[in-house]
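> With our numbering, you'll find the sequence shown wraps up at 383, consecutive numbering, no jumps.
Don't read these hints as lab results, they were simulated from the structure.
All values reported here derive from a predicted model rather than from experimental measurement.
It is possible that part of the hints are untrue.
Claimed, not checked - Each computed DSSO-like pair below joins lysine-lysine, with the alpha-carbon atoms no more than 27 Å apart:
1. LYS58 / LYS39
2. LYS242 / LYS211
3. LYS39 / LYS211
To be verified - Okay, the calculated beta carbon distance ranges per label pair:
4. GLN282 / ASP348: 30 to 38 Å
5. HIS113 / GLY278: 30 to 38 Å
6. LEU350 / SER63: 45 to 53 Å
7. ILE77 / VAL108: 19 to 27 Å
8. LYS58 / HIS245: 45 to 53 Å
9. ALA280 / ASP230: 41 to 49 Å
10. GLU140 / ASP229: 31 to 39 Å
11. ASP159 / GLN35: 29 to 37 Å
12. ASP96 / ASP122: 12 to 20 Å
13. ALA280 / ARG178: 34 to 42 Å
14. THR45 / HIS245: 48 to 56 Å
15. ASP230 / ARG353: 23 to 31 Å
Each residue gets a CB set at the ideal place from its N, CA and C atoms; glycine is no exception.
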Amino acid sequence: MTIASGADQPWLGLNEGERAVVAELIGGGSQPRVQLARKLGLSRTSLTRITRELIDLKLVTESDRQQRAARGRPPEIIDLRVDAAHVVGVKLTGDDLYAVVTGLDSWVIANTHVTLTDRSVDGVVDLIASTADDLLRGRERPSAIGVCLAGDVDGVGADSEIVGSTFPGWAARVPMARMVSERTGLPATVTNDVTALATAHHWFGGGTGPKSLVVIVIGDGAGVGLVLDDRVVIGAHARQGKIGHLLVEAQGELRCPSGHRGCAETLVTMPGIAENAGMAPQDYPEVLARAREGEPRALSAFRDAASALGAIVAQFVNVLDPEKVIVTGEGTDLLELARPTFDAALRDRLDRRASHELALSVDPFHFGQYAEGAGITALRSCL
1 MTIASGADQP
11 WLGLNEGERA
21 VVAELIGGGS
31 QPRVQLARKL
41 GLSRTSLTRI
51 TRELIDLKLV
61 TESDRQQRAA
71 RGRPPEIIDL
81 RVDAAHVVGV
91 KLTGDDLYAV
101 VTGLDSWVIA
111 NTHVTLTDRS
121 VDGVVDLIAS
131 TADDLLRGRE
141 RPSAIGVCLA
151 GDVDGVGADS
161 EIVGSTFPGW
171 AARVPMARMV
181 SERTGLPATV
191 TNDVTALATA
201 HHWFGGGTGP
211 KSLVVIVIGD
221 GAGVGLVLDD
231 RVVIGAHARQ
241 GKIGHLLVEA
251 QGELRCPSGH
261 RGCAETLVTM
271 PGIAENAGMA
281 PQDYPEVLAR
291 AREGEPRALS
301 AFRDAASALG
311 AIVAQFVNVL
321 DPEKVIVTGE
331 GTDLLELARP
341 TFDAALRDRL
351 DRRASHELAL
361 SVDPFHFGQY
371 AEGAGITALR
381 SCL
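Build the full structure now, drawing on both the sequences and the hints.
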């Protein structure tokens with residue numbers, strides 16, 4: 001199943017300057033010509049030439065806009081054509097596939113959720129390809145596919161391979177990007193899901209603007225995505241973002257599967273909260289309901305989790321000094337139930353010599369955001 005030919009993909013012939021302009025417009029939105037040239041270190045002549053080439057490729061448009069009460073010649077605004085390309089993002093779990101298709105502004109045009117019936121590598125790749133075909137049918141310029149999952153991924157772009165998968169029976173290394181690309185005819189990437197989510201927040205979400213960003217995700221597990229110096233951090237061995245074994249409570253009662261006591265996994269994750277409330281890991285929804293009704297042991301588990309999360313956020317702030325911290329994921333109920341406990345733990349652990357206010361937000365979450373992040377990652381790899 002081949003979805004697109006090279007003629008459908010506007011990225012293939014772009015030079016370095018053209019790619020830089022498109023990337024800046026995707027991340028920064030429409031901009032006056034003078035501002036864009038200054039940001040990218042381009043002369044007016046060079047930007048004029050690049051803009052003309054991108055207009056011919058139907059990637060950008062140019063217009064004059066008279067600002068209210070402005071005098072003199074109106075600025076020349078360069079706009080990205082958000083419908084000039086479409087990308088697909090896919091999030092894989094052990095049971096499900098979530099997929100979205102977006103334009104160049106990351107706005108979700110269509111989405112779907114499919115249950116996995118064949119968990120073999122070939123079966124999953126076939127499902128990704130058929131789902132992408134359904135989502136892209138009738139749309140102009142299908143351009144890239146991104147896949148993300150909870151696991152270790154080695155390499156970036158077309159060379160990315162899954163090296164640590166939760167799917168039973170998969171080989172030690174799965175060249176997922178190459179396999180998806182061969183099945184669809186589109187450039188493909190595969191990445192860790194939390195890293196993909198951080199990429200989405202950095203380019204389009206709550207982290208737009210800051211050049212350094214910490215995105216902490218809590219749910220069935222705990223992970224972190226990092227942006228430093230305007231770049232998403234990818235570890236040397238593809239194992240970035242693992243915060244489950246950060247020690248936050250030396251006297252913690254529970255041990256994680258690795259035998260550690262008092263690590264983040266045993267305190268801030270949904271299974272950890274359930275166990276600390278005296279119930280089975282899968283009983284988190286019931287524990288949450290009990291906490292909301294004021295049941296003491298359930299509330300205590302959420303307060304312990306909030307205290308641990310405050311300590312974790314403080315560690316990243318003290319070490320990295322980011323411009324912003326975002327907390328998100330399925331497990332943010334703990335901040336609804338025990339925000340004062342979180343705030344107190346955070347204040348207690350932060351370096352008190354810091355003179356600036358911490359920019360921290362708790363962002364809404366749904367599983368489709370992982371898929372959006374995978375698509376944005378694929379788009380960035382094209383540029």
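> It remains to establish, for every hint, whether it holds in the given structure.
The hints, checked one at a time:
| no. | hint | result |
| --- | --- | --- |
| 1 | LYS58 / LYS39 | holds, 23 Å |
| 2 | LYS242 / LYS211 | holds, 21 Å |
| 3 | LYS39 / LYS211 | holds, 14 Å |
| 4 | GLN282 / ASP348: 30 to 38 Å | holds, 33 Å |
| 5 | HIS113 / GLY278: 30 to 38 Å | holds, 33 Å |
| 6 | LEU350 / SER63: 45 to 53 Å | holds, 46 Å |
| 7 | ILE77 / VAL108: 19 to 27 Å | holds, 26 Å |
| 8 | LYS58 / HIS245: 45 to 53 Å | holds, 49 Å |
| 9 | ALA280 / ASP230: 41 to 49 Å | holds, 43 Å |
| 10 | GLU140 / ASP229: 31 to 39 Å | holds, 35 Å |
| 11 | ASP159 / GLN35: 29 to 37 Å | holds, 35 Å |
| 12 | ASP96 / ASP122: 12 to 20 Å | holds, 18 Å |
| 13 | ALA280 / ARG178: 34 to 42 Å | holds, 40 Å |
| 14 | THR45 / HIS245: 48 to 56 Å | holds, 54 Å |
| 15 | ASP230 / ARG353: 23 to 31 Å | holds, 26 Å |
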